[in-house]
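Asker: In order, the protein sequences belong to chains A and B.
Quick note: the first sequence, position 304, residue 305 per the numbering used here, numbers continuous.
Quick note: the second sequence, position 102, residue 103 per the numbering used here, numbers continuous.
A hint or two may mislead.
Same chains, same label: a pair holds when it works inside one copy or across any pair of copies.
[Unchecked claim] Once the Cα atoms are required to be at most 20 Å apart in a straight line, the calculated SDA-like pairs of lysine to any residue come out as: (1) LYS301 - GLU25; (2) LYS301 - GLU24; (3) LYS301 - ARG21; (4) LYS330 - VAL345; (5) LYS301 - SER108; (6) LYS214 - VAL302; (7) LYS301 - THR20; (8) LYS214 - GLU24; (9) LYS301 - LEU44; (10) LYS8 - ALA121; (11) LYS183 - LEU147; (12) LYS330 - ASN115; (13) LYS214 - PRO309; (14) LYS8 - ARG128; (15) LYS214 - ALA297.
These are computed hints drawn from the structure, not numbers from a lab.
The primary structure of each chain is shown beneath.
There are 2 protein chains.
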Amino acid sequence: MPVQTLKWQDNALVLLDQTRLPEEVLYETCSDVETVAQAIEILMVRGAPAIGLAAAYGVVIGAQEAIDCAPAEFRRRVEASIDRLARTRPTAVNLFWALDQMRALLSTHPDSGNQTIRDAFLATADRLFEEDRRICRQMGRNGAELLRDGSQVITHCNAGGLATADYGTALGVIYAAQEAGKNVAVFADETRPLLQGSRLTAWELMQNGVDVKVICDNMAASVLRSETIDCCIVGADRIARNGDVANKIGTYGLAILAREHGVPFYVAAPVSTLDISLASGEEIPIEERDPAEIRAGMGKVTAPDDVPVYNPAFDITPNELVTAIISEKGVVHAPFEPTLCTWVET
Amino acid sequence: MPVQTLKWQDNALVLLDQTRLPEEVLYETCSDVETVAQAIEILMVRGAPAIGLAAAYGVVIGAQEAIDCAPAEFRRRVEASIDRLARTRPTAVNLFWALDQMRALLSTHPDSGNQTIRDAFLATADRLFEEDRRICRQMGRNGAELLRDGSQVITHCNAGGLATADYGTALGVIYAAQEAGKNVAVFADETRPLLQGSRLTAWELMQNGVDVKVICDNMAASVLRSETIDCCIVGADRIARNGDVANKIGTYGLAILAREHGVPFYVAAPVSTLDISLASGEEIPIEERDPAEIRAGMGKVTAPDDVPVYNPAFDITPNELVTAIISEKGVVHAPFEPTLCTWVET
Numbered sequence: 002m003p004v005q006t007l008k009w010q011d012n013a014l015v016l017l018d019q020t021r022l023p024e025e026v027l028y029e030t031c032s033d034v035e036t037v038a039q040a041i042e043i044l045m046v047r048g049a050p051a052i053g054l055a056a057a058y059g060v061v062i063g064a065q066e067a068i069d070c071a072p073a074e075f076r077r078r079v080e081a082s083i084d085r086l087a088r089t090r091p092t093a094v095n096l097f098w099a100l101d102q103m104r105a106l107l108s109t110h111p112d113s114g115n116q117t118i119r120d121a122f123l124a125t126a127d128r129l130f131e132e133d134r135r136i137c138r139q140m141g142r143n144g145a146e147l148l149r150d151g152s153q154v155i156t157h158c159n160a161g162g163l164a165t166a167d168y169g170t171a172l173g174v175i176y177a178a179q180e181a182g183k184n185v186a187v188f189a190d191e192t193r194p195l196l197q198g199s200r201l202t203a204w205e206l207m208q209n210g211v212d213v214k215v216i217c218d219n220m221a222a223s224v225l226r227s228e229t230i231d232c233c234i235v236g237a238d239r240i241a242r243n244g245d246v247a248n249k250i251g252t253y254g255l256a257i258l259a260r261e262h263g264v265p266f267y268v269a270a271p272v273s274t275l276d277i278s279l280a281s282g283e284e285i286p287i288e289e290r291d292p293a294e295i296r297a298g299m300g301k302v303t304a305p306d307d308v309p310v311y312n313p314a315f316d317i318t319p320n321e322l323v324t325a326i327i328s329e330k331g332v333v334h335a336p337f338e339p340t341l342c343t344w345v346e347t
Numbered sequence: 002m003p004v005q006t007l008k009w010q011d012n013a014l015v016l017l018d019q020t021r022l023p024e025e026v027l028y029e030t031c032s033d034v035e036t037v038a039q040a041i042e043i044l045m046v047r048g049a050p051a052i053g054l055a056a057a058y059g060v061v062i063g064a065q066e067a068i069d070c071a072p073a074e075f076r077r078r079v080e081a082s083i084d085r086l087a088r089t090r091p092t093a094v095n096l097f098w099a100l101d102q103m104r105a106l107l108s109t110h111p112d113s114g115n116q117t118i119r120d121a122f123l124a125t126a127d128r129l130f131e132e133d134r135r136i137c138r139q140m141g142r143n144g145a146e147l148l149r150d151g152s153q154v155i156t157h158c159n160a161g162g163l164a165t166a167d168y169g170t171a172l173g174v175i176y177a178a179q180e181a182g183k184n185v186a187v188f189a190d191e192t193r194p195l196l197q198g199s200r201l202t203a204w205e206l207m208q209n210g211v212d213v214k215v216i217c218d219n220m221a222a223s224v225l226r227s228e229t230i231d232c233c234i235v236g237a238d239r240i241a242r243n244g245d246v247a248n249k250i251g252t253y254g255l256a257i258l259a260r261e262h263g264v265p266f267y268v269a270a271p272v273s274t275l276d277i278s279l280a281s282g283e284e285i286p287i288e289e290r291d292p293a294e295i296r297a298g299m300g301k302v303t304a305p306d307d308v309p310v311y312n313p314a315f316d317i318t319p320n321e322l323v324t325a326i327i328s329e330k331g332v333v334h335a336p337f338e339p340t341l342c343t344w345v346e347t
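Just chain A, with the same shape it has in the complex (with noise of 0.2 Å):
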């Protein structure tokens, strides 16, 4: 992978800025912690996995920050750290689930100097970010049994090396069949409104060596029904425990569309991603973002001004139209109840 989506360095977080690319390679430093969540709010950082590498970043710098109040302050002020992280983004969980891990650790150092407790959260965070790196490794390898040589697979928004530490989930798949020695052609739908797919996805391909055509997302059908696709894979931003996914808008559409034309539909997504606390998708949050997206795309007026718009960052797709979903710990069918416990809890 060419190109790594966040750093730490220096005692900051260093971020590759998404909304630049693919005009800029540019990389930010974020030395406090509003600054981190800001950069979760504005897309700076995306993707599951990713939000939760930067928000677990964001703890170690909160923790600096206070580093030289008392220890009832230090904790309070960390905690405020993690309250403030936690309310960037409502839908991927692996926010919530790395924050947990920091918080967790308030409890097991309860008498720990502010030091200690900011090397531990930096030592956690490192460990998530090699974790992360090991676990799309793994993920890749075992979705890349599923992918032919010649394979042609269309993919949605980006899940990929700029959604996690380094390597993607569904992209990971991906990268891992074409290390297998498989040629695997790629059609990335663009992904309105914020165009994760041709300016994310398009260009971390190419960075690979991958071949990819970009296509606007309303042409999946007529790709379906013109091309010999294999499959669709996608990423996850939240799963429940029944297997419906929460994915980029756009993630349910094309898993009816995948169905109706006869072409396997995975979703590859880290154990983080599970959320087995939820029954189904109909309890997964789902985040609506500013119009001004829509209105005017990319800084350009595409809209009336005063128009009405609808802007839901995610979907849920129902359990019946995934053919697979894709984790670390291997490949799982329906029913997907059992075996999405049995990864969590073991």
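Given chain A's structure and the hints, the job is docking chain B onto it.
Answerer: Just chain B, lined up with the frame of chain A:
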């Protein structure tokens, strides 16, 4: 209808520049055939019926340009103008239907002078224009019967006044329902890549006091699931004898999503959009447009410069996904072929 799409004025074709909407309401005057042809190619004027009308007036302009030529040369140059206008866009059959009527005048006026033929061209273009206004209103009344008070409708692209002389096909149905005292609320697919939904449909519905909400194309599935949607209504660029419909890319996918959610899918188009010479939609030529429309959405770079792109302007919706076709002659359900043939032949 507050704004006119095209008009004949001072021996020239005056077009509302639809590439500038909604930011600016500007009219452009086309005084030569090449300008008319390019206006059609760049979608300054678009929509199957409006393209046909613009081309008809383009032939009048072609006759004016050659008015001082010897009769044989005049006819040769008029034929060349018709050929140029026919090469602008391949899918909408109304273009060829209108040009065929203009070309036929040359045969029915074998011995007429240039000015007489030019005047006959203008009379025919004016007749087509007035017929379009009448036809759209009748189509609207026919389709309005299908809508209840309080209906919620999804539409795709722009099949409104901006796609016709002044009233619209799919949106004409909505206007007619409104005129009959029924409230209708519209979800408008923004319709990538050229955003005719958010730029044009939203704008003209607001101008006409119709409730409208803009969604990205990939949100239609979520809207169909979460809202009570009474039907989808779209226009058409060409309809084959069996009822297969060529329309703006994304129509096919929307039709699948509508059926999945048990929502009727209606196509509103004048009889001039029927092409009963074609047995099925497979024979309809599909225009593929410039990749730049996708790579640089509305002028802003939104994909890597050199990324391959697939950009079909239209798709084919098979007749089994079409609940009914609405024209000025009535409303037809499957089987479509007998009625469509009757509509054309009577």
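Asker: When Cα atoms must be at most 20 Å apart, do LYS301 and GLU24 count as within-copy, between-copy, both, or neither?
Answerer: Both. Shortest intra-copy (16 Å) and inter-copy (10 Å) distances satisfy the 20 Å Cα cut-off.
Asker: Checking LYS301 and THR20: alpha-carbon separation at most 20 Å within a copy, between copies, both or neither?
Answerer: both (15 Å within a copy, 13 Å between copies)
Asker: With identical chains treated as interchangeable, where does the CA-CA distance between LYS330 and VAL345 reach 20 Å or less: within a copy, between copies, both, or neither?
Answerer: within (10 Å within a copy, 62 Å between copies)
Asker: Which holds for LYS183 with LEU147 at a C-alpha limit of 20 Å: within a copy, between copies, both or neither?
Answerer: Answer is within; shortest intra-copy Cα gap is 11 Å, inter-copy 52 Å.
Asker: Should LYS301 paired with SER108 be assigned to within, between, both, or neither, using CA atoms and 20 Å as the limit?
Answerer: Neither. Shortest intra-copy (49 Å) and inter-copy (49 Å) distances fail the 20 Å Cα cut-off.
Asker: If the cutoff is 20 Å on CA atoms, where do LYS214 and PRO309 land: within, between, both or neither? Let me know, please.
Answerer: between (32 Å within a copy, 5 Å between copies)
Asker: With identical chains, the pair LYS214 and ALA297 could be close in the same copy or across copies; at 20 Å between alpha carbons, which is it: within, between, both, or neither?
Answerer: between (25 Å within a copy, 15 Å between copies)
Asker: When Cα atoms must be at most 20 Å apart, do LYS214 and VAL302 count as within-copy, between-copy, both, or neither?
Answerer: Intra 26 Å, inter 16 Å, cutoff 20 Å: inter-copy only.
Asker: As a check of your reading, is LYS214 near GLU24 (CA-CA no more than 20 Å) within one copy, between copies, both or neither?
Answerer: within (18 Å within a copy, 31 Å between copies)
Asker: Check LYS8 against ALA121 for me: Cα-Cα at most 20 Å, and say if that holds within a copy, between copies, both or neither.
Answerer: within (17 Å within a copy, 74 Å between copies)
Asker: Is it within, between, both or neither when you check LYS301 against GLU25 at 20 Å Cα-Cα?
Answerer: For LYS301 and GLU25, both the intra-copy (19 Å) and inter-copy (13 Å) Cα distances are at most 20 Å.
Asker: Up to 20 Å between alpha-carbons, please classify LYS330 paired with ASN115: within, between, both or neither.
Answerer: neither (36 Å within a copy, 80 Å between copies)
Going through the hint list in order, the structure does not satisfy hints 5, 12.
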